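Following the hints, complete the assembly by docking chain U onto the known chain A.
What follows is each chain in one-letter form.
2 protein chains.
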Amino acid sequence: MQRFFEPRSVVLIGTSRQTGPGAYNNLEMLLNYGYPGHIYLVHPKVPDIMGYKTSPRVADLPEVPDLAVISLGRDRVPAAVRDCVHHGIKRLVVISQGFADADEKGKELQEDVVRLAREHGARVVGPNTMGIINPFYGFTTAFIDVPRDPNPAPLTVVAQSGAFQVGAVSFTGRMGKAIDIGNAGDVDVVEVLEYLEHDPQTRIIVLHMEGITRGRLFLNTAARIIRTKPIIAIKTGRSAAGAQAAMSHTGSLVGEDAIFDLALAEAGVIRVKNLVEMLAVCRAFLHFEPLKGPRLGVVTATGAFGIITADCCEDYGLELAPFPEALREMEEPRIDWHKLHNPVDLWPLGMVTGSFTGVFKRSLIGLLEDGRVDGAVALAPVFVSPCHADLDIPAAVRKIQKHNPEHKPLAILFYGDEAAMVAQARELAGDPGVACFDSVDEAIMGLAATWRYRQFLERPAPGDFTLPEPAVSRRGRLPSEGVLVGEEALNVLKAYDLPLVPGVLAADEAGAVAAAAQMGYPVVLKIISAAWLHKSDWGGVLLNVANEAKLRQGFRDLLARFRQRTPDGVLDGILVQKQVKGIELLCGLKRDPQFGPVLVAGAGGIYTEVLKDVARALAPVTPDQAAQMLRALKIYPILKGARGQKGVHLPSLVETLVNLSRLATDYPTIRELDLNPVLATPEACWCVDCRIVVGE
Amino acid sequence: MQRFFEPRSVVLIGTSRQTGPGAYNNLEMLLNYGYPGHIYLVHPKVPDIMGYKTSPRVADLPEVPDLAVISLGRDRVPAAVRDCVHHGIKRLVVISQGFADADEKGKELQEDVVRLAREHGARVVGPNTMGIINPFYGFTTAFIDVPRDPNPAPLTVVAQSGAFQVGAVSFTGRMGKAIDIGNAGDVDVVEVLEYLEHDPQTRIIVLHMEGITRGRLFLNTAARIIRTKPIIAIKTGRSAAGAQAAMSHTGSLVGEDAIFDLALAEAGVIRVKNLVEMLAVCRAFLHFEPLKGPRLGVVTATGAFGIITADCCEDYGLELAPFPEALREMEEPRIDWHKLHNPVDLWPLGMVTGSFTGVFKRSLIGLLEDGRVDGAVALAPVFVSPCHADLDIPAAVRKIQKHNPEHKPLAILFYGDEAAMVAQARELAGDPGVACFDSVDEAIMGLAATWRYRQFLERPAPGDFTLPEPAVSRRGRLPSEGVLVGEEALNVLKAYDLPLVPGVLAADEAGAVAAAAQMGYPVVLKIISAAWLHKSDWGGVLLNVANEAKLRQGFRDLLARFRQRTPDGVLDGILVQKQVKGIELLCGLKRDPQFGPVLVAGAGGIYTEVLKDVARALAPVTPDQAAQMLRALKIYPILKGARGQKGVHLPSLVETLVNLSRLATDYPTIRELDLNPVLATPEACWCVDCRIVVGE
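If you read the sequences in order, they're chains A and U.
Here the numbering used here is used: the first residue of the first sequence is 1, the next is one more, and so on.
Here the numbering used here is used: the first residue of the second sequence is 1001, the next is one more, and so on.
Just chain A, same shape as in the assembly (with noise of 0.2 Å):
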């Protein structure tokens, strides 16, 4: 990948002859942006462009450059593919749009492309990209004139639209490296990400993803990764995730941008949910070290936007640090009235010193040098007037931070005069630990994340996230497509050791009988045929059977039903299970066309669909894990045993758990799969139904 970001030489192939407005020249763009190295153009017909000789064909190229960008129309760009490959260039940027972003037509040129450039050894960027910026060494693909940053930040930008480098200032704060890798034909995130990882000039990591192949090896490269370069994400595309169809509960209830959080969550990659988020985490990420812990001391000058801090940390899990004693038995004396707590409400202090700067200074000092103190913010107002001219934050901050050695975040935020709220913040744009915020949401958000990061980076690393082989499957082949009910689906079950519900399989109306009081009262009564698939719809279930009378009246009601309905349909016997009470929870399966199988566990029978109440997790998983989902769901206390009333026995239901896993990746065509209800009871849990949907 570092050839791609720093090219020894470039051709360009489908550069206009025009230049200036309504061109868009990437030859002007890269001569604009400084580029070292050497440009190469070919033209069939034009022999120079902005002074640039050019060749007709890439075959008359006096070298190999290291770099090829392709911007011609969709059609010709196979055969300008080839004649790169062919030339033996390694490195190809597909410019051009109207691929797999357009029709069938698309996908299959941009397929022809792919093709064609690894029967060579050859790679390609996009196509439909803007391509790679690289301030650092002075190379653009782009055919926007994008200003190059003197001064480069040390954030890589890897996204699927190029707005993230015209935009960098408006969306990640600072601009860094940038790809943009379009419809990610061949070059992928992953493979991005295997070069940043080492790349000295890297030390922020943010992603725009609207999708992703190699799921899991993605998971497995950032979770490396991160331990040593925040990755911070923003996955777009939830809505239309939501609306897809599903088969099941579990599909239903378990949308793909859950399992995409769910993912990321896994890998350690700091998701931001929005434009506004994002900026204001990258801006965290560029100006702090990590919070170590969630506590913050807060100073404002009115005790109103106290209240409005805590309120944010609250939304986004920080907390107000205790309020430093030594600071209160400095600055307490000096009024008598005014009791100090965290958030610090400066204003008293400030009329009663006749020095507001002087108190803001002091009770900062005083916050951060505190233990118990992992970072602070401060809400200051900026004045144009004259009158305010002893009000300089700026000096005032840059004291502060000499009593701040460990570099503990300082988050400020201006309100006032706009203009001069622009200049003082960018007075301190330079000083290391501080960074100026647009509102105290933001701060709190950035510096929020810089916590997650923290806590991602203390908890033990994750396992490997590759998907286990498929073991020999227990139960043979499934039907390549379908849907999998009753005896055909509970066999599965059994061959994974799934508690199925005990159930006898009676020939007639004695043997029922038999196995009823064997297992003892009440039962449920099932008919069994390949022709009644549906049988809760047409009654072939009867619930709390209470006693053998019941049974036998019962036994011949469905025998009737069965012949009037189906007279010539074949009944495999009458199944009589035990009835079991307990809490009914709903297990199940999902696969992710990114991620692969997920485990899903939660509130199930009629409360399903109205608690939504689900806990997710890549399968396969430990025992550990198993337990960990439970532990996550809303109706855990009801599960441990909630008001006096009995819990249910959890190993049994992590047992379950962990089986189901090892079913779904032994059974790769499984698509969906649920286990609603699972009973669960002091002593056991019980699988009495399920529902395989298998195929694509």
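What the hints contain is simulated information worked out from the structure, not anything from laboratory work.
Please note: incorrect hints may appear among the correct ones.
Pairs of lysine to any residue residues, derived as SDA-like cross-links and limited to a Cα-Cα distance of at most 20 Å, are as follows [said to hold, decoys possible]: (1) U:Lys1105 / A:Lys646; (2) U:Lys1550 / A:Ala546; (3) A:Lys612 / U:Gly1641; (4) U:Lys1646 / A:Phe465; (5) U:Lys1105 / A:Asp336; (6) U:Lys1107 / A:Asp336; (7) A:Lys646 / U:Glu1584; (8) U:Lys1339 / A:Gly73; (9) U:Lys1578 / U:Glu1509; (10) U:Lys1090 / U:Tyr1195; (11) U:Lys1646 / A:Trp538; (12) A:Lys646 / U:Val1541; (13) U:Lys1581 / A:Gly582; (14) A:Lys581 / U:Val1580; (15) A:Lys612 / A:Asp261; (16) U:Lys1646 / A:Leu542; (17) U:Lys1105 / A:Trp337; (18) A:Lys339 / U:Asp1075; (19) A:Lys107 / A:Gly211; (20) U:Lys1612 / A:Asp315; (21) U:Lys1494 / U:Asp1666; (22) U:Lys1053 / U:Glu1063; (23) U:Lys1634 / A:Ile606.
Remember, it's a predicted structure, so these values are computed and weren't measured experimentally.
Relative to chain A, chain U alone:
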């Protein structure tokens, strides 16, 4: 109130003789602000300040000024107030801090000040306030030099902090009138609202609230005003409200913040969650007519941002409009593979036609002219390079607006060069119906708030929020303080026609047997005795007593337990209750210190704390409102009958809620009341147990 904002004359008491930095001299600020009225100064020693002659005492003033501004140390404030009211001054602004904002002594001082004023028919703004700023008239009481906006906005801020005056640009975007009511010792938000209702210089009202007195009156006032002027409110202190102690489920389930939320929504006030949303919403109302529908057209220079905008719409309750066919017919023929949809990805068309600006213009016109599009959002890059001088969004917008006679909102998001973005946004600042936002999230937040407002306007006006006078309570007086349980509580319910589970208090075993035979097995047995308030915990309740033999045994067991634990206790009898099976609900009451009695309904039994599925309404409620509460529950599908299960009898639940809310208004001393569970069956609903908390 008007003379508070436009005093013809003002006396400043406590003004420093110092001026300039650090002096916070309010005379200096008033002069800078261009006050057109007459200024008097009172100072015991200094003969003149800034060339203005002082009087040693208020009594010496040659006239009675419209307004006095007091900024003395707190101990000297009551005497100054006395001097003012004795001189006949009717309006006071008490700037000084250290009153109810500080300690008990301060609270007393504040009460003194307010009492003094009221005794003389005078009114007080504050204490602990920056007071009033009116840029239309040129009046300020602030001790900060806030620059006077020559073109004030029709947006008035009513805050409990001066920060919203100092930082108007940061918090509401533009400055209009502003009042800091501070501790609101006398003048409160209701009175200010009543003034603003008819103030021609106020078109939008922004409230910053830390709390409220006269909550119901506030709701009536607000609900009336929002018919003509939107009210945007930030209520702070969400985290503090969560910390309060509660003695019942209802109490713990319904925090004060949730009640504030409910009350503001019932009145039609637009509550914003944080300052980011506040700025976005103010900007939307300043520039836009409220959306007439939720359907937006979106144009963007990159497909990626179309997806991001779609995500935002879903987050904030707006929708993407269907793509206009007229626009498709006009644009799609220009490019062979590009299919258009909403959001419109402009780039391919811009490249093919050679004019991004042209496509931008035509697409927005096509969207805004379509009847199914209620507003539009445009994301566009801003370049500084002369290579992109052809892109002129402000010029395009002006042309677009000629095709937008209905002034459908057009929100613009620039990204790219920061200075150029600010300049282009400024160019568009005066265009009606156009607003520039800092992020797409803020644009959608703002637009969504105008749509919420439109929906408030379109729904029927809420009824009178005034609490009815308590009727003669049907069950006599309750103890002034304490917790009522068991029969004592149930008797209160009975008086309000709340359906109690049928029960007979049996004196002996034979009586119990007869009662059970009458009502039918299974039954519940309960020890009833003043000594057994904790009967459940003490084993004084037997559930599911299935037949006569078990009843006889249970009766004897309970008697034995009673005699053993409380040998001297007086046994009222053993209550035989019908064992009802049904869906467990919680109904309850909570008295809010700000808004009075609140009715609660939710999931009950063991699910109460786990699910926290509750609906709330200010009591009393109509049957319609009670039915609406039930519909708002997550478990409503279960109540209605989901997945083949019978539902419950909703009319009896509605009646129960209505009756409970009447009980609430008749007993203003009830602080919390729990009916948990209420058992709902297909035929009826039944209150099984009750706990009533009375007093403070």
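Right, here's what the structure says about each hint:
Between U:Lys1105 and A:Lys646 the alpha-carbon distance is near 53 Å, which puts this suggested pair outside the 20 Å criterion. At roughly 19 Å between alpha-carbon atoms, U:Lys1550 and A:Ala546 fall within 20 Å of each other, so this suggested pair holds. Between the alpha carbons of A:Lys612 and U:Gly1641 the distance comes to roughly 17 Å, so the proposed pair stays at or under 20 Å and holds. The hinted pair formed by U:Lys1646 and A:Phe465 fails the criterion: a straight-line CA distance of about 45 Å is larger than 20 Å.
Among the hinted pairs, U:Lys1105 with A:Asp336 is consistent with the structure: their alpha-carbon atoms are about 11 Å apart, no more than 20 Å. About 15 Å separates the Cα atoms of U:Lys1107 and A:Asp336, which keeps this hinted pair within 20 Å; it holds. Between A:Lys646 and U:Glu1584 the alpha-carbon distance is near 18 Å, which keeps this suggested pair within the 20 Å criterion. Taken as a hint, the U:Lys1339 and A:Gly73 pair is honoured in the structure, with Cα atoms around 17 Å apart against an allowance of 20 Å.
Between U:Lys1578 and U:Glu1509 the alpha-carbon distance is near 16 Å, which keeps this suggested pair within the 20 Å criterion. In summary, the hint linking U:Lys1090 to U:Tyr1195 is supported, as the alpha carbons are separated by about 17 Å, within the 20 Å threshold. For the given pair, U:Lys1646 sits about 17 Å from A:Trp538 by alpha-carbon distance, which is consistent with the 20 Å threshold. Among the hinted pairs, A:Lys646 with U:Val1541 is consistent with the structure: their alpha-carbon atoms are about 17 Å apart, no more than 20 Å.
Restraint check for U:Lys1581 and A:Gly582: satisfied, since their Cα atoms lie roughly 16 Å apart, inside the 20 Å limit. In summary, the hint linking A:Lys581 to U:Val1580 is supported, as the alpha carbons are separated by about 18 Å, within the 20 Å threshold. For the hint linking A:Lys612 to A:Asp261, the alpha-carbon distance of about 16 Å falls within 20 Å, and the restraint holds. Between U:Lys1646 and A:Leu542 the alpha-carbon distance is near 17 Å, which keeps this suggested pair within the 20 Å criterion.
Only pairs whose Cα atoms come within 20 Å are accepted, and U:Lys1105 paired with A:Trp337 is accepted, the gap being roughly 9 Å. With a CA separation close to 17 Å, the supplied pair A:Lys339 and U:Asp1075 stays within the 20 Å bound. A threshold of 20 Å between alpha carbons decides the hint, and for A:Lys107 with A:Gly211 the separation of about 16 Å falls inside it, so the pair holds. Taking the CA atoms of U:Lys1612 and A:Asp315, the gap is about 19 Å. The hint holds against a cut of 20 Å.
Between U:Lys1494 and U:Asp1666, the direct Cα distance comes to roughly 14 Å. Compliance with the 20 Å bound is thereby established for this hinted pair. At roughly 15 Å between alpha-carbon atoms, U:Lys1053 and U:Glu1063 fall within 20 Å of each other, so this suggested pair holds. Taking the CA atoms of U:Lys1634 and A:Ile606, the gap is about 12 Å. The hint holds against a cut of 20 Å.
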